[in-house]
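Listed below are the residues making up each chain.
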Amino acid sequence: MQIGIFSVGDVTTDPTTGITPDEGERIQAMTSIALKAEEVGLDVFATGEHHNPPFVPSAPTTHLAYIAAKTERLRLSTATTLITTTDPVRIAEDYAFLQHLSGGRNDLMMGRGNTGPVYPWFGKDIRDGIPLAIENYHLLRRLWREESVTWQGQFRTPLQGFTATPAPLDGTPPFVWHGSIRSTEIAEQAAFYGDGFFHNNIFWDMGHTAQMVRLYRQRFEHYGHGSADQAIVGLGGQVYMAGSEAEAKRIFRPYFDNAPVYGHGPSLEEFTAQTPLTVGTPEMVIERTLSFADAVGDYQRQLFLIDHAGQPLEMVLEQIEILGREVAPVLRAEFDRRRPAHVPSDPPTHESLVAAGPQDRHHRVISSPVAIAEQEAAKGESRAKGEKVTS
Amino acid sequence: MSRRVVVLSAGLSTPSSTRLLADQIADAVRSAIGGRGESVAVETIELRELAVEMAQTLVSGNRPTPGVVAAQESIAGADGLVAVTPVFSASYSGLFKTFVDLLDPKALVGMPVLVAATAGTARHSLMLDHAMRPLFGYLRAVVAPTGVFAATEDFGAVDGAGEDALSARIHRAAEELAALVVRTPSGVEGFAPTSGDERGRGQGRARAHELGVVTDFASLLRGHDGTG
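Chains as they are written, first to last, in this note's numbering: chain A, 1 to 391; chain B, 1 to 228.
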């Protein structure tokens, strides 16, 4: 079980002091948060990607490379990488380059982005969100897996004999997650390729998250990657911890009440009851987080949102300290205890994918055994008819 | 086969004239459907009870809240809808529109709807036609030809012939809604849609908070695999 943190990277005024960090301070704070995560033994740091204020993380691979240089073990990821508006050629090259710099410590999570105006800034249309995510990701897979790519799609300039550089570290593309709150097409996409599925698990009720994960698991099995309970699942979550529940609520309430997205709406108590937010003691956070596995099955990655809504750096570092030293060890042990032996404890890593060898399905553009079998059958049929096989 | 009709009442006071009208329409719909030999269950949703939850949903990233979800699910399983709102500032009330805004745009596709409104004076009566009908038209609902508008003076008023004009309108609208709710398919098997949905409607209607039909990935990838 990997346990870590993910940051949106918002610049928000601290409602208790009126102090707003500048962009430089926020970037430095995100770096400190990542370094603290490594120090206290957390497994993952993931950064968001945004191209509009009040968010700072517009250049995730630059940031993750810097963090990689300052850490030894921490796994670096994204939450999310904008597969819709970013050129897949740049994603292929940037993240392969990052693999070489980080020694394969990075994976990444695909997301679409839900801010309408961002799309036209990059020459795209939000109404094409799903087709963009499908087409761009398929190209990305080819760029990481084929030495010479010839491509003609709907959204990008065609490519003739293009080679992305550098090639992935050890010829092994990074593991990919697909994040979506409610789009079944994205769960289907993750299942088709046997990639990971991540639910942000912050704004909606656990029942909805469970529905999405169940769909992904069923389709993962359908496409021949393994049994449904072996699918690779990640969840988000949101916590604030203190010595007592009353103390935690007292400190966190002003940040909650003024938070972007849900502030000035539901009460802290209502939001806690209706979503996975937990504000209380570390024991309460452990208990609530363990209950996620009852809802979605044994899963492989848990990321917590702990640094938004204007919380000052010292407060966030203290939260990471509690998370790393008190919460994560218990969660790992308890999740291990309940997990059947045939269910993987961790998502695939660079090491495990390299160990699987070059013949592993991870190296195929279309990795679904069911889809591969169908392709082979179709080829056999046309061969029998004496037709020319083009694919 | 038993039918389900949901009544949306957007009145603000208790008791409200909007709820009074809603109840009279509900009774008329019950007897109109019963008169066609079908049983019917009528459920009334008081939108004022959902006001705070709806506001919370709006300002917390469209997060579903329990009461709103229950109301949406109730509508998803309905065979007909009665929508009753007071007239505020020349249109339906904000409370009413908020509820509609939170519905999936496909939640009412093909849904038989009876529109009704209350106001202080009869001068607002065309609101049903310039505001309510376009709204339900956008949602691709099937609106009964007769809308029921009740000004304060209509409660208890009789026309020159001693008839209760409001009551007559209510019954005419209820008959029209009942006909839409219990209508039988007219398509010929093999030539027009008949089965799958026995009333030939509701196809493509989104169910509240269900994930819906999943598109197979081969269909999603078609035309996007880079082969031109």
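Think of the hints as simulated: they come from the structure by calculation, not from any bench. The C-beta atom is built at its ideal place from N, Cα and C for all residues, glycine as well. It is possible that part of the hints are untrue.
[Said to hold, decoys possible] Among the chain B residues that face chain A by a calculated CB cut under 7 Å, a handful are:
| hint | residue |
| --- | --- |
| 1 | Val59 |
| 2 | Ser60 |
| 3 | Arg63 |
| 4 | Gly67 |
| 5 | Ala70 |
| 6 | Leu211 |
| 7 | Phe217 |
| 8 | Ser219 |
| 9 | Leu220 |
| 10 | Asp225 |
| 11 | Gly228 |
Cross-check of the supplied hints:
1. Hint status for B/Val59 relative to chain A: holds, with the closest Cβ pair at about 4 Å, below 7 Å.
2. For the restraint placing B/Ser60 at the interface with chain A, the shortest Cβ-Cβ distance is roughly 4 Å, inside the 7 Å limit, so the hint holds.
3. Hint status for B/Arg63: holds, given a least beta-carbon distance of 5 Å to chain A, under 7 Å.
4. Contact between B/Gly67 and chain A, as hinted, is not supported at the beta carbon level, the nearest pair being about 11 Å apart and thus beyond 7 Å.
5. Look at B/Ala70: its Cβ only gets to about 13 Å from chain A, farther than 7 Å, so that hint breaks.
6. Given hint, B/Leu211 at the interface with chain A, holds; its Cβ is 5 Å from that chain's nearest Cβ, closer than 7 Å.
7. Residue-level restraint check for B/Phe217 holds (minimum Cβ-Cβ distance to chain A is 4 Å; threshold 7 Å).
8. At about 10 Å, the closest approach between the beta carbon of B/Ser219 and any beta carbon in chain A exceeds 7 Å, and the interface hint on this residue is violated.
9. Hint status for B/Leu220: holds, given a least beta-carbon distance of 5 Å to chain A, under 7 Å.
10. Hint status for B/Asp225 relative to chain A: holds, with the closest Cβ pair at about 6 Å, below 7 Å.
11. Below 7 Å, beta-carbon pairs count as interface contacts, and B/Gly228 has one with chain A at about 4 Å; its hint therefore holds.
Of the hints listed earlier, those the structure fails to meet are numbers 4, 5, 8, in rising order.
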